[in-house]
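Those sequence lines, one after another, are chains A and B. Per numbering that gives the first Met the number 0, the very first residue in the first sequence carries number 0; after that it's consecutive. Per numbering that gives the first Met the number 0, the very first residue in the second sequence carries number 0; after that it's consecutive.
Don't read these hints as lab results, they were simulated from the structure. Please read all numbers here as calculations on a predicted model, not as lab measurements. Treat the hints with care, as some may be off.
Stated by the list, open to error - Computed spacing ranges between beta-carbons, pair by pair:
#  : chain 1 : residue 1 : chain 2 : residue 2 : range
1  : B       : Gln-276   : A       : Gln-305   : 53 to 61 Å
2  : B       : Leu-390   : A       : Gln-192   : 18 to 26 Å
3  : B       : Gly-342   : A       : Gly-159   : 31 to 39 Å
4  : B       : Pro-111   : A       : Pro-48    : 40 to 48 Å
5  : A       : Gln-305   : B       : Asn-226   : 29 to 37 Å
6  : B       : His-291   : A       : Gln-192   : 57 to 65 Å
7  : A       : His-304   : B       : Gln-276   : 38 to 46 Å
8  : A       : Glu-321   : B       : Arg-318   : 43 to 51 Å
9  : A       : Arg-360   : B       : Arg-295   : 47 to 55 Å
10 : B       : Thr-274   : A       : Gln-305   : 56 to 64 Å
By construction, the Cβ of each residue, glycine as well, lies at the ideal position given by its N, Cα and C atoms.
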Amino acid sequence: MSALLERVRVLELTDGLPGAMCGKMMAAAGADVILVEPPETGVGVRWEPPFLDDIRGPDRSGLFLYTAGGKRSLTLDPSTPDGREIFTRLLTHADILIEDRAEKTPVVSAENAPPGFNPRLVRITLRKFSPGGPYENYAAETELEPAALGGWMIQLGDVGRTPLLSNSRTMTAFVPGVMGAITGIAAYLSARQTGAGVNLDLSEHEALLFNTRYNETYFSYTGMEIKRHGKSFAGWSPTYRVFDAADGFVSCAASTDAQVELFLQLAGVGLEPFATREARYDRAEELVARLNDWTKSKTREEIFHQGQQWRVPMGAASTLDEVMGLAQLKHRTYFDEIDHPVAGRRAYPGLPLRFDDSRPRSGRAPLLGEHTAAILCDELGYSRDDVAALMNLRVV
Amino acid sequence: MTMKTKLLEGTRVLDLTIFLAGPMPSLILADLGAEVIKIEAIQRLDGFRAYGTPSLASKEAAYERSPLFNTGNRNKRGITLNLATPDGVKLFKQLVAKSDAVVTNFSPRVLPQFGLEFAVLREINPAIVLTSVSGFGQDGPWRDYVSFAAIGEALSGISSLCGYTNEGVVLNGVGVSDFYTGLMAAFGTLAAIREARETGRGRHVDVAQLEASVPFIADAFMEFSLNGRTRAAATNDDPARAPHGAFPARGDDAWVTISVGSDDQWRVLLDVMGTPQWARGEEFATLLKRHHNRARLNDLVAKWTATQNKEELSRELQRRGVPSAPVRTPAEHLHDPQLQATGFFQQVDHKYAGRHPYPSLPVRIDGAYPPINRVGPLLGEDNHYVFTKILGLDDSELARLEKAGVIGNRPAS
Numbered sequence: 000m001s002a003l004l005e006r007v008r009v010l011e012l013t014d015g016l017p018g019a020m021c022g023k024m025m026a027a028a029g030a031d032v033i034l035v036e037p038p039e040t041g042v043g044v045r046w047e048p049p050f051l052d053d054i055r056g057p058d059r060s061g062l063f064l065y066t067a068g069g070k071r072s073l074t075l076d077p078s079t080p081d082g083r084e085i086f087t088r089l090l091t092h093a094d095i096l097i098e099d100r101a102e103k104t105p106v107v108s109a110e111n112a113p114p115g116f117n118p119r120l121v122r123i124t125l126r127k128f129s130p131g132g133p134y135e136n137y138a139a140e141t142e143l144e145p146a147a148l149g150g151w152m153i154q155l156g157d158v159g160r161t162p163l164l165s166n167s168r169t170m171t172a173f174v175p176g177v178m179g180a181i182t183g184i185a186a187y188l189s190a191r192q193t194g195a196g197v198n199l200d201l202s203e204h205e206a207l208l209f210n211t212r213y214n215e216t217y218f219s220y221t222g223m224e225i226k227r228h229g230k231s232f233a234g235w236s237p238t239y240r241v242f243d244a245a246d247g248f249v250s251c252a253a254s255t256d257a258q259v260e261l262f263l264q265l266a267g268v269g270l271e272p273f274a275t276r277e278a279r280y281d282r283a284e285e286l287v288a289r290l291n292d293w294t295k296s297k298t299r300e301e302i303f304h305q306g307q308q309w310r311v312p313m314g315a316a317s318t319l320d321e322v323m324g325l326a327q328l329k330h331r332t333y334f335d336e337i338d339h340p341v342a343g344r345r346a347y348p349g350l351p352l353r354f355d356d357s358r359p360r361s362g363r364a365p366l367l368g369e370h371t372a373a374i375l376c377d378e379l380g381y382s383r384d385d386v387a388a389l390m391n392l393r394v395v
Numbered sequence: 000m001t002m003k004t005k006l007l008e009g010t011r012v013l014d015l016t017i018f019l020a021g022p023m024p025s026l027i028l029a030d031l032g033a034e035v036i037k038i039e040a041i042q043r044l045d046g047f048r049a050y051g052t053p054s055l056a057s058k059e060a061a062y063e064r065s066p067l068f069n070t071g072n073r074n075k076r077g078i079t080l081n082l083a084t085p086d087g088v089k090l091f092k093q094l095v096a097k098s099d100a101v102v103t104n105f106s107p108r109v110l111p112q113f114g115l116e117f118a119v120l121r122e123i124n125p126a127i128v129l130t131s132v133s134g135f136g137q138d139g140p141w142r143d144y145v146s147f148a149a150i151g152e153a154l155s156g157i158s159s160l161c162g163y164t165n166e167g168v169v170l171n172g173v174g175v176s177d178f179y180t181g182l183m184a185a186f187g188t189l190a191a192i193r194e195a196r197e198t199g200r201g202r203h204v205d206v207a208q209l210e211a212s213v214p215f216i217a218d219a220f221m222e223f224s225l226n227g228r229t230r231a232a233a234t235n236d237d238p239a240r241a242p243h244g245a246f247p248a249r250g251d252d253a254w255v256t257i258s259v260g261s262d263d264q265w266r267v268l269l270d271v272m273g274t275p276q277w278a279r280g281e282e283f284a285t286l287l288k289r290h291h292n293r294a295r296l297n298d299l300v301a302k303w304t305a306t307q308n309k310e311e312l313s314r315e316l317q318r319r320g321v322p323s324a325p326v327r328t329p330a331e332h333l334h335d336p337q338l339q340a341t342g343f344f345q346q347v348d349h350k351y352a353g354r355h356p357y358p359s360l361p362v363r364i365d366g367a368y369p370p371i372n373r374v375g376p377l378l379g380e381d382n383h384y385v386f387t388k389i390l391g392l393d394d395s396e397l398a399r400l401e402k403a404g405v406i407g408n409r410p411a412s
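My request is simple: use the sequences and hints to build the entire structure.
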């Protein structure tokens, strides 16, 4: 009997955020994820800001603490003969391999498989750009390039002003990671059924482009190019936009006739001049100004709840400190509280999935090499002396 | 090769979803080879059928010509079934008995109104997975509140991170919260299907847009959690790089990104700019100085880039190791050399909409994108197949159901 992904064995050889998130999703759902880390330094994400107390260190990165939750850490240099042998043995028992390193790890294929090798391996490779095109080797040290080429930047910002990237790297970098986890589980199910492994190749560039509002197809159908539109979203309704509140901003998603009419009623604005969709577009400025007069006299909280009670989709623009206190998230105990020997007890974003009313809780991030001895001795049968020797040789 | 891309062949999913976030998980499963049956009612079509059709010269079957609906429901079968009738409920239950999962983004109160809550579905088929996608989740004080992308974005804190420094909120045209929700729902559904195959027991998967949005800004949350700092929107500034952002290029709404994170990259940029006088002084001599003086630096770089072609400039900077890219618009994507080389957009015919490009699922399975075999579906297009081949009804029974308004292929007026 296995819960969700229990007993699915995953090897993760990644340095970047997409691969880290891919493994994180699987670990959160119960898979046994072994993070294979370079001895001494660990994986790249250990060195990504923000750091606890702004002090760099392998166990102090907020992104590592989050993405490595529930994984096990094995330090290993697979480029050495001993390291390669250990890696091959791990691979023999693995269901899924996640990797993003430019130098691909030598992987056993059907042709050179040792006895007992599992031919059902699913191999997920994540890159910034797909091979086979002119961007294949493009330099991208932040999220700017995939976001610019992947259709996200042109959709954020004011008309005529510089297009924007969000001030959160994970908004873009996690998209290919989650996409990798989804397709990885589908491939795992296929491999279990057919007995044949699968290679999956994903790029951040394409993952972002897929996750727009299908703007290219929209353009092909309509000749209309949807681009950034400041506080509003071009094309749906003049009322699908940001309004001012007395203490900040609210977002309104009223776009159907019924929703807009309810909003007008709630705000005490006469329906007559804005009775049709055409009239609302023709007099959009006046419409927005009059609704804004009402919103700016009220707090975000008041507008949010009153709007929602009237079936007008409204949302208070929350700052991060406020999000942690939202009544709905508290009621559903969304955030995880996790102890870590270096970081202490902290709140972490939880898995946004409940299964029969129960939310799987993440374990803590491992210390560098924390599970090396246990994996080598208990699972692969090496002796303590072997492990000591391998450590001296810097294989592990 | 094409057979291999059907990773979920043999998996059947019933799709009771509308708009964007709900149809997304079942779209992913359909692209991966599951047989997804999209269920509408002639009395209540998916609202997305009305979006994106304003400029059509002919209004004939306008509801079949929405680019958003036709893309978001591609590779799915389409049937109509009025769940507000006893016949509709009965047939739906028969389909549940022969399926692996049901995905819905109806409000939490709707399925129980039809007598189709999870306990009932599980009784019919113990292995069934029910994925409920909603704004705020299946319980809690905000359970019945409604959400769309802009709402999830605002409440989750995403809006607070997107915008120009100290200027308030701008909306993401991408509708990020819808996609984040759809991705999480797809993952949750597959994890539950895997478990059901092991144990014979399905799960009710509860996915809330507000919650699904939060992990995607985990870096900002962890900064708050570890150091108590509340991050906010900051235009395109990066603490370790300058210049860093999108700069104007020659042409209408043309922009090019430049990202300089080392002295070597700065020297290359200087060389490409022809080492202007302004760039030689102390003001921009080190990374830290460039960062401190980034407002002036960005202005000066922008004056120069405004005279440049974004394609040529980004290629030249990339050739010399400086991260740079043209900011692509939707129309440009269709001619992007990388996407053309990989065949990312697939051209597909549709009875009413004609031939158009559609984005592939962004994964190559043993080297090939999953094929897009059909887009749409047309309203009730697969009624005959589903009700006769899967449920074994005969034609006279279908005619009766159609007459009673339980099924059909034209919207009820």
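Hints and how they fare:
no., hint, result
1, B:Gln-276 <-> A:Gln-305: 53 to 61 Å, "59 Å, holds"
2, B:Leu-390 <-> A:Gln-192: 18 to 26 Å, "25 Å, holds"
3, B:Gly-342 <-> A:Gly-159: 31 to 39 Å, "34 Å, holds"
4, B:Pro-111 <-> A:Pro-48: 40 to 48 Å, "47 Å, holds"
5, A:Gln-305 <-> B:Asn-226: 29 to 37 Å, "36 Å, holds"
6, B:His-291 <-> A:Gln-192: 57 to 65 Å, "59 Å, holds"
7, A:His-304 <-> B:Gln-276: 38 to 46 Å, "58 Å, violated"
8, A:Glu-321 <-> B:Arg-318: 43 to 51 Å, "46 Å, holds"
9, A:Arg-360 <-> B:Arg-295: 47 to 55 Å, "49 Å, holds"
10, B:Thr-274 <-> A:Gln-305: 56 to 64 Å, "59 Å, holds"
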